[in-house]
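**Q** What follows is each chain in one-letter form.
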Amino acid sequence: MNNAIDIRMVTKTYGTVTALKAVSLSIMDNEFFTLLGPSGCGKTTLLRMIAGFEDVTQGDILLFGQNIATLDPNLRPVNTVFQQYALFPHMSVIDNVAFGLKMKGLDLPTRTARAGEMLEMVHLSSFADRLPAQLSGGQQQRVALARALAPQPKVLLLDEPLSALDLKLRQAMRMELKQLQQDTGITFIFVTHDQEEALTMSNRIAVMSAGHVQQIGTPRDIYETPVNRFVADFIGETNLLEVDVASIAGDRAQVILPGGHAITCSTATHDAGRHHLSIRPERLTLVPLGAGMEAVVDQVIYLGTDLQVLVRLDGGTPLQVRIQNAARTQVPAPGSRIGLHLEEGAARLLAD
Amino acid sequence: MALRSVRHYPSFFSIAMLCLIILYAPLIVVMVYSFNDSPSITNWGGLSLRWYFDVFTGPEAPRFRAAAWNSLTIAVLAATIATAIATAAALAMLRAGKFKGRSLTFALINLPLMVPEIVIAVATLIFFTMIGFTTGYLTILIAHITFCIPFAYLPIAARLQGIDGSYEAAARDLYATRAQSFWLVLLPLMAPGVISGYLLAFIISLDDFIITNFVKGAGMETLPTAIFGSVKQGIKPNIMAISTLMLGVSILFVTLSYLINRKGRQSP
Numbered sequence: 001m002n003n004a005i006d007i008r009m010v011t012k013t014y015g016t017v018t019a020l021k022a023v024s025l026s027i028m029d030n031e032f033f034t035l036l037g038p039s040g041c042g043k044t045t046l047l048r049m050i051a052g053f054e055d056v057t058q059g060d061i062l063l064f065g066q067n068i069a070t071l072d073p074n075l076r077p078v079n080t081v082f083q084q085y086a087l088f089p090h091m092s093v094i095d096n097v098a099f100g101l102k103m104k105g106l107d108l109p110t111r112t113a114r115a116g117e118m119l120e121m122v123h124l125s126s127f128a129d130r131l132p133a134q135l136s137g138g139q140q141q142r143v144a145l146a147r148a149l150a151p152q153p154k155v156l157l158l159d160e161p162l163s164a165l166d167l168k169l170r171q172a173m174r175m176e177l178k179q180l181q182q183d184t185g186i187t188f189i190f191v192t193h194d195q196e197e198a199l200t201m202s203n204r205i206a207v208m209s210a211g212h213v214q215q216i217g218t219p220r221d222i223y224e225t226p227v228n229r230f231v232a233d234f235i236g237e238t239n240l241l242e243v244d245v246a247s248i249a250g251d252r253a254q255v256i257l258p259g260g261h262a263i264t265c266s267t268a269t270h271d272a273g274r275h276h277l278s279i280r281p282e283r284l285t286l287v288p289l290g291a292g293m294e295a296v297v298d299q300v301i302y303l304g305t306d307l308q309v310l311v312r313l314d315g316g317t318p319l320q321v322r323i324q325n326a327a328r329t330q331v332p333a334p335g336s337r338i339g340l341h342l343e344e345g346a347a348r349l350l351a352d
Numbered sequence: 001m002a003l004r005s006v007r008h009y010p011s012f013f014s015i016a017m018l019c020l021i022i023l024y025a026p027l028i029v030v031m032v033y034s035f036n037d038s039p040s041i042t043n044w045g046g047l048s049l050r051w052y053f054d055v056f057t058g059p060e061a062p063r064f065r066a067a068a069w070n071s072l073t074i075a076v077l078a079a080t081i082a083t084a085i086a087t088a089a090a091l092a093m094l095r096a097g098k099f100k101g102r103s104l105t106f107a108l109i110n111l112p113l114m115v116p117e118i119v120i121a122v123a124t125l126i127f128f129t130m131i132g133f134t135t136g137y138l139t140i141l142i143a144h145i146t147f148c149i150p151f152a153y154l155p156i157a158a159r160l161q162g163i164d165g166s167y168e169a170a171a172r173d174l175y176a177t178r179a180q181s182f183w184l185v186l187l188p189l190m191a192p193g194v195i196s197g198y199l200l201a202f203i204i205s206l207d208d209f210i211i212t213n214f215v216k217g218a219g220m221e222t223l224p225t226a227i228f229g230s231v232k233q234g235i236k237p238n239i240m241a242i243s244t245l246m247l248g249v250s251i252l253f254v255t256l257s258y259l260i261n262r263k264g265r266q267s268p
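Heads up: the protein sequence lines correspond to chains A and B, in order. So the first sequence is numbered by full-length UniProt numbering: it starts at 1 and just counts up by one. So the second sequence is numbered by full-length UniProt numbering: it starts at 1 and just counts up by one.
Simulated from the structure, these hints should not be mistaken for laboratory data. Honestly, I wouldn't trust all of these hints.
A partial selection of chain A residues facing chain B, derived with a Cβ cut-off under 7 Å [what the hints assert, rightly or not]:
#: 1; residue: 51
#: 2; residue: 70
#: 3; residue: 73
#: 4; residue: 79
#: 5; residue: 80
#: 6; residue: 82
#: 7; residue: 100
#: 8; residue: 104
#: 9; residue: 106
#: 10; residue: 123
#: 11; residue: 127
#: 12; residue: 302
Simulated crosslink set (DSSO-like; lysine-lysine; CA at most 30 Å straight-line) [what the hints assert, rightly or not]:
#: 13; chain 1: A; residue 1: 102; chain 2: A; residue 2: 154
#: 14; chain 1: A; residue 1: 178; chain 2: A; residue 2: 104
#: 15; chain 1: B; residue 1: 100; chain 2: A; residue 2: 21
#: 16; chain 1: A; residue 1: 21; chain 2: B; residue 2: 98
#: 17; chain 1: A; residue 1: 168; chain 2: A; residue 2: 178
#: 18; chain 1: B; residue 1: 236; chain 2: B; residue 2: 216
For each label pair, taking beta carbons as the anchor points, the in silico distance ranges come out as [stated by the list, open to error]:
#: 19; chain 1: B; residue 1: 66; chain 2: A; residue 2: 104; range: 31 to 39 Å
#: 20; chain 1: B; residue 1: 101; chain 2: A; residue 2: 134; range: 53 to 61 Å
#: 21; chain 1: A; residue 1: 182; chain 2: B; residue 2: 101; range: 51 to 59 Å
#: 22; chain 1: B; residue 1: 100; chain 2: A; residue 2: 182; range: 45 to 53 Å
We treat Cβ as the ideally placed atom computed from N, Cα and C, and that holds for glycine.
With the hints as constraints, model all of the structure from the sequences given.
**A** What follows is the structure in structure tokens.
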């Protein structure tokens, strides 16, 4: 089986600046794949190179086995949903949606019918004759989607398409996008800096930073078994502690926490020495004193669904703990001493 | 305390009035006296359109008609060619990325705006003489195209600068060739700037006197040079009528250019 996209050792330089450094990754057919990273990490550059808007300095881009790296954008069977939608302001909604079909040489009845179906799919049939400027941001977003899907591309590229929408709409659109991907069976490549978006929609995520792919995996992999400090820090909230490694055996390590407590954790590194340990705040639980670690409560922050408890280990290392704000939850008093429990293997030792 | 508005500065009103009078009194006098019934240019003899009829049917009418035809055809041709060149120049300057000598090119395109017109006039004449080009209709046209380019360029480039590159990218992404993306997407978006540039170039060409007078050669007249020739033999009221007509055409075109530009700015 062919992959939808194979990126092979792709490098992109602008003058003396290197935006991408020998990136390789494969995207499977019918996958919702997300390129995630902070701004300037090269994710948009990579997407634009797949679309054909940027030249590839070095390397190959394969679309179902065919090298497209040097093809003009109009010769690549991929379509893009742009960040600011880029709907043609002088054309009606239906003409926008039919544009790609017209350029492909389909006759008028066929393209009108297909564009009509697309508008129906995004629930905008009654807006066909409006101009884009007469639509709301959310509606424009749907037109952009319909326009990009109408020519039935082999891969759909989405460049932070939700970033211009307000929060409620953004959350609704996430579900809709995911549904659309499953219904059409088209491979989606989604670019975002929003880790929540990436976690909720993707089959797999490539976390990028400084022109490198840091880690590729399912949302669960990325969140629970990050390979390095950047990924652990970028995805979700975490406590990063510098620890001394006592011993490493296979994918398990024994480390000494500041304060002297020893714990067993999973590990992404096999080098002894000092490394960062990631402990997710929700994996820590508050327990009665006497079992396990001990800490002093500094502050309790009310977050609605959760409570964030800031504590300090003996020796002064601060940690944050998330506990559910359930009816039976006992809220610890600031200044009190409490016990902390960490499930075995819930912490992760990271490579740098 | 709020800052005092400029309106409340001392003698704001009188200075404003003085400026307006200096600017517009001569124009108003010419416009009013073009409707004078008297053959004198200073004495008021009642309201009439006789000098307007004189422009079209009087003794100087054939000369004016030929000159007006030259002016009009030169203006249309010069504006069309200059607009095409300016559009290409704007695309190269704003869509070709950074290239060596970009600032120099920008300066070269806009140089005619800064160089004194008389210098261009003399230089153009010397150039045509040196290469042995017979002065006449064609030399006027070439000279007009040259100095019209920067006037057409400015509104076109201003418009193009405001058009995000993602529209062209979207067109290319949706299987449009380079040419289709230009004709179907970019040009319609640029249209207000292009039309505005065209009208500006047209009016600049229509009004030009200095350069035209140098490169026109014997026996060739455009409207401004014909008016000047007529005035040299004494100012008659028909000159006021023809001037008023030209003023009307100029105002019409400048207004059109302004309106089109403004309408363009409202849409993205």
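**Q** Next, verify each hint and record whether it holds.
**A** Taking the hints in turn, this is what the structure says about them:
The interface hint given for residue 51 of chain A is met, as the beta carbon of that residue sits about 6 Å from the closest beta carbon of chain B, less than 7 Å. Hint status for residue 70 of chain A: violated, given a least beta-carbon distance of 15 Å to chain B, over 7 Å. Because the beta carbon of residue 73 of chain A sits about 4 Å from the nearest beta carbon in chain B, less than 7 Å, this interface hint is met. Hint on residue 79 of chain A holds. Least Cβ distance to chain B is approximately 6 Å, under the 7 Å limit.
Taking 7 Å as the C-beta contact cut-off toward chain B, the hint placing residue 80 of chain A at the interface holds, the least distance being around 5 Å. Interface restraint check: residue 82 of chain A against chain B, minimum CB-CB distance 5 Å, threshold 7 Å, status holds. The interface hint given for residue 100 of chain A holds, since its Cβ lies 4 Å from the closest Cβ of chain B, which is under the 7 Å cut-off. The beta carbon of residue 104 of chain A comes within 5 Å of a beta carbon in chain B, closer than 7 Å, and the hint placing it at the interface holds.
Residue-level restraint check for residue 106 of chain A is violated (minimum Cβ-Cβ distance to chain B is 10 Å; threshold 7 Å). For the restraint placing residue 123 of chain A at the interface with chain B, the shortest Cβ-Cβ distance is roughly 22 Å, beyond the 7 Å limit, so the hint is violated. Proximity of residue 127 of chain A to chain B is violated relative to the hint, the smallest CB-CB distance being about 18 Å (cut-off 7 Å). A hinted interface residue such as residue 302 of chain A counts as satisfied when its beta carbon comes closer than 7 Å to some beta carbon of chain B; here the least separation is about 43 Å, so the hint is violated.
Taking the CA atoms of residue 102 of chain A and residue 154 of chain A, the gap is about 18 Å. The hint holds against a cut of 30 Å. Under the criterion of a C-alpha separation no larger than 30 Å, the hint pairing residue 178 of chain A with residue 104 of chain A is consistent with the structure, at around 27 Å. Pair hint residue 100 of chain B plus residue 21 of chain A holds up; C-alpha atoms about 27 Å apart against a cutoff of 30 Å. A C-alpha spacing of about 24 Å is found between residue 21 of chain A and residue 98 of chain B, which places the hinted pair at or below 30 Å, so the restraint holds.
Proposed proximity of residue 168 of chain A and residue 178 of chain A is supported: the alpha carbons are some 16 Å apart, at most 30 Å. For the hint linking residue 236 of chain B to residue 216 of chain B, the alpha-carbon distance of about 24 Å falls within 30 Å, and the restraint holds. Restraint check, residue 66 of chain B to residue 104 of chain A: a C-beta distance of roughly 54 Å breaks the suggested window 31 to 39 Å. One distance hint, 53 to 61 Å for the beta-carbon pair residue 101 of chain B and residue 134 of chain A, is violated here, with the actual separation near 44 Å.
For residue 182 of chain A paired with residue 101 of chain B, a C-beta distance near 53 Å keeps the hint of 51 to 59 Å intact. Distance hint for residue 100 of chain B and residue 182 of chain A: a CB-CB separation of about 51 Å, consistent with the stated range 45 to 53 Å.
Of the numbered hints stated above, those contradicted by the structure are hints 2, 9, 10, 11, 12, 19 and 20, listed in ascending order.
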